[in-house]
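Novice: The primary structure of each chain is shown beneath.
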Amino acid sequence: RKEVEQDPGPFNVPEGATVAFNCTYSNSASQSFFWYRQDCRKEPKLLMSVYSSGNEDGRFTAQLNRASQYISLLIRDSKLSDSATYLCVVGNEKLTFGTGTRLTIIP
Amino acid sequence: SAVISQKPSRDICQRGTSLTIQCQVDSQVTMMFWYRQQPGQSLTLIATANQGSEATYESGFVIDKFPISRPNLTFSTLTVSNMSPEDSSIYLCSVGTGESSYNEQFFGPGTRLTVL
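Respectively, the protein sequence lines represent chains A and B.
What the first sequence shows, in my numbering, is residues 471 to 577, in sequence order.
What the second sequence shows, in my numbering, is residues 8 to 123, in sequence order.
Some clues are possibly wrong.
[Claimed, not checked] Mimicking DSS-like on lysine-lysine, the simulated pairs with C-alpha atoms at most 30 Å apart in a straight line are: (1) Lys-72(B) - Lys-549(A); (2) Lys-72(B) - Lys-512(A); (3) Lys-512(A) - Lys-549(A); (4) Lys-72(B) - Lys-14(B); (5) Lys-564(A) - Lys-512(A); (6) Lys-14(B) - Lys-549(A); (7) Lys-472(A) - Lys-564(A); (8) Lys-515(A) - Lys-549(A); (9) Lys-564(A) - Lys-72(B); (10) Lys-72(B) - Lys-515(A); (11) Lys-515(A) - Lys-564(A); (12) Lys-472(A) - Lys-515(A); (13) Lys-512(A) - Lys-472(A); (14) Lys-564(A) - Lys-14(B); (15) Lys-14(B) - Lys-512(A).
[Said to hold, decoys possible] One side of the interface only, derived from the structure: several residues of chain B facing chain A at Cβ under 8 Å: (16) Gln-48; (17) Ser-66; (18) Ser-95; (19) Leu-99; (20) Phe-113; (21) Phe-114.
If you're looking for bench data, these hints aren't it; they were derived computationally from the structure.
Virtual Cβ for every residue (Gly too), placed ideally from N, Cα, C.
Hey, can you work out the whole structure from these sequences and the hints?
Specialist: In structure tokens, the structure reads:
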């Protein structure tokens, strides 16, 4: 089993729609959780940290379920500029990156 | 967050040669890391660059192939030695916040390496 698993997509979503990604992780002792965004031929950029209580940043909501070992990201009112690859990242002794979920927002 | 620069941004190299990639940060940081991102894949940690001591390498990566220097808290280099086409990849440095290796990290723009 991979340490961090994501559905690679692609997700093709019309502008204005809501889209959700899930990610599962294998190490129950993991201590930190993040979503990163990576645009084509660019470096990954931190989108948001994920906390057990859940957290929201504008149109983005992230949640963590430690019992089931999964993390989710919800994007509301999607914009064309949201098109990117979203990386699920889990931290223990190091950060482990998922392979990413590719999202394309369609006009 | 810190401003991170890398040089070169890209290079095309012949097999058997070596390339040194530089990573410069605009502020002092404790944690610096080097990653590789092969085409179509996610990031893999190569090593943690430790200031004043030898780097800590992940499984599958060795110092002879990927020597790392960290002379101070704002600078590090990664050398890809005796290159082969399988080393073609994007190499990224990152800096961590705080003192832990599992805190959030911020990435440099990457070095795109092609080995012929």
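Novice: Hint by hint, note whether the structure agrees.
Specialist: Right, here's what the structure says about each hint:
In summary, the hint linking Lys-72(B) to Lys-549(A) is not supported, as the alpha carbons are separated by about 43 Å, beyond the 30 Å threshold. Taking the CA atoms of Lys-72(B) and Lys-512(A), the gap is near 25 Å; set against the 30 Å cutoff, the hint holds. For the proposed pair Lys-512(A) and Lys-549(A), the alpha carbon gap of about 19 Å is at most 30 Å, so the pair holds. For a cut-off of 30 Å, the pair hint linking Lys-72(B) to Lys-14(B) stands: about 19 Å separates their Cα positions.
The straight-line distance between the Cα atoms of Lys-564(A) and Lys-512(A) is roughly 22 Å, inside the 30 Å bound, and the hint therefore holds. Taken as a hint, the Lys-14(B) and Lys-549(A) pair is broken in the structure, with Cα atoms around 33 Å apart against an allowance of 30 Å. The suggested pairing of Lys-472(A) with Lys-564(A) holds, with an alpha-carbon distance near 15 Å, which does not exceed 30 Å. Between Lys-515(A) and Lys-549(A) the CA atoms are separated by roughly 18 Å; this keeps the pair inside 30 Å, and the hint holds.
A hinted pair counts as satisfied when its Cα atoms are at most 30 Å apart, and Lys-564(A) with Lys-72(B) qualifies at roughly 21 Å. Restraint check: the Cα-Cα separation between Lys-72(B) and Lys-515(A) comes to about 28 Å, which is no more than 30 Å; the hinted pair holds. With a C-alpha separation of about 17 Å, the suggested pair Lys-515(A) and Lys-564(A) falls inside the 30 Å cut-off, and the hint holds. Proximity of Lys-472(A) to Lys-515(A) is assessed by CA-CA distance (about 23 Å); at most 30 Å being required, the pair is judged to hold.
Restraint check: the Cα-Cα separation between Lys-512(A) and Lys-472(A) comes to about 25 Å, which is no more than 30 Å; the hinted pair holds. A threshold of 30 Å between alpha carbons decides the hint, and for Lys-564(A) with Lys-14(B) the separation of about 25 Å falls inside it, so the pair holds. With a C-alpha separation of about 15 Å, the suggested pair Lys-14(B) and Lys-512(A) falls inside the 30 Å cut-off, and the hint holds. With a cut of 8 Å, the hint placing Gln-48(B) at the interface with chain A holds, because the nearest CB-to-CB distance is about 7 Å.
Using the Cβ-Cβ criterion of 8 Å, the hint placing Ser-66(B) at the interface with chain A is not satisfied: the shortest such distance is roughly 11 Å. With its C-beta approaching chain A no nearer than about 15 Å, Ser-95(B) sits outside the 8 Å limit, and its interface hint is violated. Look at Leu-99(B): its Cβ gets to within about 6 Å of chain A, closer than 8 Å, so that hint holds up. Interface hint status for Phe-113(B): upheld, as the beta-carbon distance to the closest one in chain A is roughly 7 Å, under 8 Å.
Below 8 Å, beta-carbon pairs count as interface contacts, and Phe-114(B) has one with chain A at about 4 Å; its hint therefore holds.
Of the numbered hints stated above, those contradicted by the structure are hints 1, 6, 17, 18, listed in ascending order.
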